[in-house]
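Protein chains: 4
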Amino acid sequence: MRKSGTPFWLAISILIILMSAASINQKKSRILFFGDSITEIGVKPGGYIDQMNKMLADQKLENNYELIGSGIGGNKIYDLFLRMDDDVLAKKPNVVVIYIGVNDVWHKQSKGTGTDPDKFEKFYDAIIAKLKKENIKIVLCTPAVIGEKTDFSNQLDGDLNNYSNIIRSLAKKNNLPLIDLRKAFLDYDLQNNPENKEQGILTVDRVHLNATGNKLVAEEMMKALKGM
Amino acid sequence: MRKSGTPFWLAISILIILMSAASINQKKSRILFFGDSITEIGVKPGGYIDQMNKMLADQKLENNYELIGSGIGGNKIYDLFLRMDDDVLAKKPNVVVIYIGVNDVWHKQSKGTGTDPDKFEKFYDAIIAKLKKENIKIVLCTPAVIGEKTDFSNQLDGDLNNYSNIIRSLAKKNNLPLIDLRKAFLDYDLQNNPENKEQGILTVDRVHLNATGNKLVAEEMMKALKGM
Amino acid sequence: MRKSGTPFWLAISILIILMSAASINQKKSRILFFGDSITEIGVKPGGYIDQMNKMLADQKLENNYELIGSGIGGNKIYDLFLRMDDDVLAKKPNVVVIYIGVNDVWHKQSKGTGTDPDKFEKFYDAIIAKLKKENIKIVLCTPAVIGEKTDFSNQLDGDLNNYSNIIRSLAKKNNLPLIDLRKAFLDYDLQNNPENKEQGILTVDRVHLNATGNKLVAEEMMKALKGM
Amino acid sequence: MRKSGTPFWLAISILIILMSAASINQKKSRILFFGDSITEIGVKPGGYIDQMNKMLADQKLENNYELIGSGIGGNKIYDLFLRMDDDVLAKKPNVVVIYIGVNDVWHKQSKGTGTDPDKFEKFYDAIIAKLKKENIKIVLCTPAVIGEKTDFSNQLDGDLNNYSNIIRSLAKKNNLPLIDLRKAFLDYDLQNNPENKEQGILTVDRVHLNATGNKLVAEEMMKALKGM
Numbered sequence: 514m515r516k517s518g519t520p521f522w523l524a525i526s527i528l529i530i531l532m533s534a535a536s537i538n539q540k541k542s543r544i545l546f547f548g549d550s551i552t553e554i555g556v557k558p559g560g561y562i563d564q565m566n567k568m569l570a571d572q573k574l575e576n577n578y579e580l581i582g583s584g585i586g587g588n589k590i591y592d593l594f595l596r597m598d599d600d601v602l603a604k605k606p607n608v609v610v611i612y613i614g615v616n617d618v619w620h621k622q623s624k625g626t627g628t629d630p631d632k633f634e635k636f637y638d639a640i641i642a643k644l645k646k647e648n649i650k651i652v653l654c655t656p657a658v659i660g661e662k663t664d665f666s667n668q669l670d671g672d673l674n675n676y677s678n679i680i681r682s683l684a685k686k687n688n689l690p691l692i693d694l695r696k697a698f699l700d701y702d703l704q705n706n707p708e709n710k711e712q713g714i715l716t717v718d719r720v721h722l723n724a725t726g727n728k729l730v731a732e733e734m735m736k737a738l739k740g741m
Numbered sequence: 514m515r516k517s518g519t520p521f522w523l524a525i526s527i528l529i530i531l532m533s534a535a536s537i538n539q540k541k542s543r544i545l546f547f548g549d550s551i552t553e554i555g556v557k558p559g560g561y562i563d564q565m566n567k568m569l570a571d572q573k574l575e576n577n578y579e580l581i582g583s584g585i586g587g588n589k590i591y592d593l594f595l596r597m598d599d600d601v602l603a604k605k606p607n608v609v610v611i612y613i614g615v616n617d618v619w620h621k622q623s624k625g626t627g628t629d630p631d632k633f634e635k636f637y638d639a640i641i642a643k644l645k646k647e648n649i650k651i652v653l654c655t656p657a658v659i660g661e662k663t664d665f666s667n668q669l670d671g672d673l674n675n676y677s678n679i680i681r682s683l684a685k686k687n688n689l690p691l692i693d694l695r696k697a698f699l700d701y702d703l704q705n706n707p708e709n710k711e712q713g714i715l716t717v718d719r720v721h722l723n724a725t726g727n728k729l730v731a732e733e734m735m736k737a738l739k740g741m
Numbered sequence: 514m515r516k517s518g519t520p521f522w523l524a525i526s527i528l529i530i531l532m533s534a535a536s537i538n539q540k541k542s543r544i545l546f547f548g549d550s551i552t553e554i555g556v557k558p559g560g561y562i563d564q565m566n567k568m569l570a571d572q573k574l575e576n577n578y579e580l581i582g583s584g585i586g587g588n589k590i591y592d593l594f595l596r597m598d599d600d601v602l603a604k605k606p607n608v609v610v611i612y613i614g615v616n617d618v619w620h621k622q623s624k625g626t627g628t629d630p631d632k633f634e635k636f637y638d639a640i641i642a643k644l645k646k647e648n649i650k651i652v653l654c655t656p657a658v659i660g661e662k663t664d665f666s667n668q669l670d671g672d673l674n675n676y677s678n679i680i681r682s683l684a685k686k687n688n689l690p691l692i693d694l695r696k697a698f699l700d701y702d703l704q705n706n707p708e709n710k711e712q713g714i715l716t717v718d719r720v721h722l723n724a725t726g727n728k729l730v731a732e733e734m735m736k737a738l739k740g741m
Numbered sequence: 514m515r516k517s518g519t520p521f522w523l524a525i526s527i528l529i530i531l532m533s534a535a536s537i538n539q540k541k542s543r544i545l546f547f548g549d550s551i552t553e554i555g556v557k558p559g560g561y562i563d564q565m566n567k568m569l570a571d572q573k574l575e576n577n578y579e580l581i582g583s584g585i586g587g588n589k590i591y592d593l594f595l596r597m598d599d600d601v602l603a604k605k606p607n608v609v610v611i612y613i614g615v616n617d618v619w620h621k622q623s624k625g626t627g628t629d630p631d632k633f634e635k636f637y638d639a640i641i642a643k644l645k646k647e648n649i650k651i652v653l654c655t656p657a658v659i660g661e662k663t664d665f666s667n668q669l670d671g672d673l674n675n676y677s678n679i680i681r682s683l684a685k686k687n688n689l690p691l692i693d694l695r696k697a698f699l700d701y702d703l704q705n706n707p708e709n710k711e712q713g714i715l716t717v718d719r720v721h722l723n724a725t726g727n728k729l730v731a732e733e734m735m736k737a738l739k740g741m
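Chains as they are written, first to last, in our numbering: chain C, 514 to 741; chain E, 514 to 741; chain B, 514 to 741; chain U, 514 to 741.
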């Protein structure tokens with residue numbers, strides 16, 4: 514994360530200071546990633562959390578951060594709500610990154626059990642309130658994609674845009690940092706998906722991330738965490 | 514609720530005692546009905562709560578019970594959960610009758626936002642736990658009908674039976690009284706719907722109750738409350 | 514339909530020729546509009562077909578065209594297919610304007626009985642083949658809107674874009690004129706819906722047309738028919 | 514298929530006559546099974562059509578019948594309609610056994626693209642009409658199960674019962690033989706599924722048949738064909 518123009522001696526000095534600080538505090542910042550199957554897979558080799566750990570190691574920051582994955586396949590916003598005490602609060606994180614929304618939209622079509630938009634907002638609000646009460650820092654993410662076509666002709670694009678708008682306004686309302694993965698993925702696909710394919714650029718199956726997709730998420734996450 | 518064989522003077526004596534008790538305690542038992550549109554309509558003239566009030570008056574028990582309707586159209590189990598503090602706990606009820614489930618099933622088909630069965634159970638459990646903690650008595654109800662055909666060929670019969678089974682085992686597990694409206698409605702329709710009609714016997718539109726349906730619910734509720 | 518630059522005497526001459534032709538042939542061109550509730554409402558006062566009749570009268574072309582509305586609420590592509598013989602071929606039209614697609618998408622969400630995209634294309638193809646065999650001219654339309662928000666955050670935008678793409682490629686493949694109502698509505702709303710409202714600009718309820726919407730459809734239809 | 518009371522010499526005589534007839538006519542009765550994945554799997558080793566071939570061989574009837582499987586996974590009633598010419602009429606069958614309906618119900622829930630009941634009946638009617646016109650004998654089947662619980666608490670039981678009723682009345686109206694697989698499966702499960710399991714008695718996954726399920730279908734089919 515060193516800017517390219519930083520002189521070598523300055524970088525080294527900063528690094529020494531940071532490492533000292535870390536050894537003095539004996540404390541790593543605990544970042545918990547709270548989400549669905551994308552996060553469940555994220556901790557596996559090549560997953561976005563695994564890639565973040567490597568990025569941190571490359572930057573000699575591995576002693577500053579502990580990354581905790583808490584993703585469960587199929588989770589929707591209210592699944593997160595129901596398992597907060599056990600899976601989040603009990604782990605005493607400093608930061609929680611909420612990365613949810615795909616199933617809230619997808620299950621409408623595949624199971625008939627998606628989440629109403631107003632209920633999505635209410636449970637999201639309830640999660641934020643609980644975390645705030647514990648003085649845990651919060652980062653929000655928009656859900657990336659269900660289908661990578663770039664002309665908004667993926668079946669669920671409309672709804673995914675709607676739920677992303679809800680998350681964006683929750684971030685604004687609560688003055689919380691936002692990682693806009695939906696925008697990042699669309700921007701990337703607009704550059705790299707000239708054939709308007711459904712999958713294969715950032716995902717393996719329209720939803721779950723391939724190596725490039727995991728890398729893109731890892732980079733976006735790193736940018737946001739750097740500022741915290 | 515006086516048995517037909519009770520002598521008049523005894524009934525009068527009991528009544529006087531009861532009324533005295535009521536005036537001494539200055540306290541009515543507060544029964545809150547927690548549900549969806551069926552309960553929202555239930556407080557209106559002819560609705561099941563309105564009919565219960567009349568039944569109580571007929572039995573000179575109107576000073577013993579205060580019936581509070583808290584039904585909101587479209588509510589599912591997690592809507593009840595989200596509005597517990599404001600709409601239930603704040604009202605200090607002695608008894609809460611939970612009458613929910615139709616929309617958890619119906620919205621799967623009409624909106625794509627029904628409730629997964631395991632989530633239905635989890636939120637129901639969470640509601641029971643919260644009420645128990647406040648020493649509030651709890652009565653469970655099964656959802657009556659979405660369609661009155663008696664050969665299990667109403668579109669959502671399978672799922673409605675499934676969710677009713679979940680509620681029945683919640684009642685058993687928690688040792689709580691159950692008002693099995695689904696069974697009561699099916700029994701009534703088996704007697705009174707020889708043409709296998711979709712609606713018109715106990716409902717106006719396959720779901721919402723007509724006068725007879727409201728009466729049947731009121732009677733079933735009275736039976737259960739009598740025992741509390 | 515006279516170009517603004519046409520001299521008056523020429524317009525009059527053409528008109529006289531056209532009217533003579535009409536009286537000689539004793540034949541009007543029969544245009545049948547084949548669709549769903551939007552077309553069913555289209556024949557009523559203020560509807561798009563009613564407005565087209567007025568436009569034709571204003572242009573003294575009422576003797577050249579007979580407009581026949583054949584819209585039934587809730588129709589999907591295969592409903593059109595099933596009623597072709599009775600409702601289209603029996604009426605011997607010269608031109609059939611196919612305006613369908615909203616329910617094929619919408620019913621997925623509201624009833625669970627939408628149309629698979631490949632089946633949509635197959636039945637559309639079968640309708641085109643039947644009309645071609647009878648030497649009936651065919652005009653295709655894309656479905657306009659389900660929600661008027663302009664940032665593609667209406668719930669069904671993705672699917673509606675997908676089905677519109679299918680219709681566009683059917684028009685191309687079969688070399689048929691296309692009235693791209695989806696594009697026309699989006700363009701209009703981008704100009705006239707700065708608040709990103711769901712309805713009220715061209716529709717009364719996100720789907721069915723208000724006076725302005727009916728006028729826009731009538732104008733787009735007139736442009737296309739002029740060229741036939 | 515010989516009744517238990519038939520004397521041996523008579524059975525042999527009939528068999529000789531039948532075999533002579535077959536060799537004279539050089540013609541087998543062609544039975545085509547028209548359906549979905551259950552029929553697609555039915556031709557594979559152990560599938561119901563494979564089992565029927567073995568049953569016919571055991572009864573020395575293999576020269577009298579040619580069984581043709583025409584099942585495609587995911588097919589609904591209108592898929593059958595769309596592929597009638599190529600897959601049925603072109604093959605000149607003497608008998609067509611229509612075994613469809615599971616996906617018409619299931620896709621409502623899993624894809625949003627099930628079939629409206631009135632459209633199910635219309636396309637079924639259209640298929641029957643086309644086959645009758647070619648003097649092809651027709652046998653109808655009800656769809657067996659989506660879930661094997663016997664108390665009508667499988668999610669889609671209500672709808673499956675409804676579509677089975679539609680098929681039953683189509684058989685009656687058209688005076689056609691009916692193989693009531695839904696009834697046969699329920700009867701079998703009532704005897705053999707005391708634990709009210711979802712699958713494993715006649716199916717591997719609530720829908721697709723295990724060896725026992727394929728055998729039951731084969732036996733029911735044989736009974737019906739015997740009478741033709």
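The set of hints was computed from the structure by calculation and includes no laboratory data. Be careful, since some hints might not be right.
The list treats identical chains as interchangeable, and a pair is accepted whether it falls inside one copy or across any two copies.
[Stated by the list, open to error] Once the Cα atoms are required to be at most 27 Å apart in a straight line, the calculated DSS-like pairs of lysine-lysine come out as:
{"id": "1", "residue 1": "LYS696", "residue 2": "LYS710"}
{"id": "2", "residue 1": "LYS635", "residue 2": "LYS710"}
{"id": "3", "residue 1": "LYS686", "residue 2": "LYS710"}
{"id": "4", "residue 1": "LYS635", "residue 2": "LYS557"}
{"id": "5", "residue 1": "LYS567", "residue 2": "LYS635"}
{"id": "6", "residue 1": "LYS710", "residue 2": "LYS643"}
{"id": "7", "residue 1": "LYS573", "residue 2": "LYS685"}
{"id": "8", "residue 1": "LYS686", "residue 2": "LYS540"}
{"id": "9", "residue 1": "LYS557", "residue 2": "LYS685"}
{"id": "10", "residue 1": "LYS624", "residue 2": "LYS635"}
{"id": "11", "residue 1": "LYS540", "residue 2": "LYS650"}
{"id": "12", "residue 1": "LYS632", "residue 2": "LYS710"}
{"id": "13", "residue 1": "LYS645", "residue 2": "LYS573"}
{"id": "14", "residue 1": "LYS739", "residue 2": "LYS632"}
{"id": "15", "residue 1": "LYS646", "residue 2": "LYS635"}
{"id": "16", "residue 1": "LYS728", "residue 2": "LYS624"}
{"id": "17", "residue 1": "LYS739", "residue 2": "LYS567"}
{"id": "18", "residue 1": "LYS728", "residue 2": "LYS646"}
{"id": "19", "residue 1": "LYS685", "residue 2": "LYS710"}
{"id": "20", "residue 1": "LYS604", "residue 2": "LYS567"}
{"id": "21", "residue 1": "LYS685", "residue 2": "LYS567"}
Since the model is a prediction, treat every value here as computed from it, not as a measurement.
Next on the checklist: With identical chains, the pair LYS686 and LYS540 could be close in the same copy or across copies; at 27 Å between alpha carbons, which is it: within, between, both, or neither?
Outcome noted: neither (31 Å within a copy, 44 Å between copies)
Evaluate LYS646 and LYS635 at a C-alpha cut-off of 27 Å and name the case that applies: within, between, both or neither. both (16 Å within a copy, 24 Å between copies)
Alpha-carbon proximity between LYS739 and LYS567, which holds within one copy, between copies, both or neither at 27 Å: within (15 Å within a copy, 65 Å between copies)
| message | Regarding LYS685 and LYS710, is the shortest C-alpha distance of 27 Å or less found within a copy, between copies, in both, or in neither? | response | between (33 Å within a copy, 21 Å between copies)
| query | For LYS540 vs LYS650, is the C-alpha pair at or below 27 Å within one copy, between two copies, both, or neither? | reply | Result: close within a single copy only, 16 Å intra versus 47 Å inter.
Intra- versus inter-subunit Cα pairing at 27 Å for LYS567 with LYS635
For LYS567 and LYS635, neither the intra-copy (36 Å) nor the inter-copy (38 Å) Cα distance is at most 27 Å.
Homo-oligomer pair classification [LYS567, LYS604; C-alpha up to 27 Å] | Classified as within; 23 Å inside a copy, 54 Å across copies.
message: Within a copy, between copies, both or neither: which one fits LYS557 and LYS685 at a CA-CA cutoff of 27 Å?
response: neither (32 Å within a copy, 42 Å between copies)
At most 27 Å between C-alpha atoms: does LYS739 with LYS632 qualify within a copy, between copies, both, or neither? neither (32 Å within a copy, 36 Å between copies)
Up to 27 Å between alpha-carbons, please classify LYS645 paired with LYS573: within, between, both or neither. neither (30 Å within a copy, 52 Å between copies)
State whether the alpha carbon distance between LYS728 and LYS624 is at most 27 Å within one copy, between copies, both, or neither.
For LYS728 and LYS624, neither the intra-copy (30 Å) nor the inter-copy (31 Å) Cα distance is at most 27 Å.
Review point. When no copy is specified for LYS624 and LYS635, does a C-alpha distance of 27 Å or less occur within a copy, between copies, both, or neither?
Key: both (22 Å within a copy, 18 Å between copies)
Going through the hint list in order, the structure does not satisfy hints 4, 5, 6, 7, 8, 9, 13, 14, 16, 18, 21.
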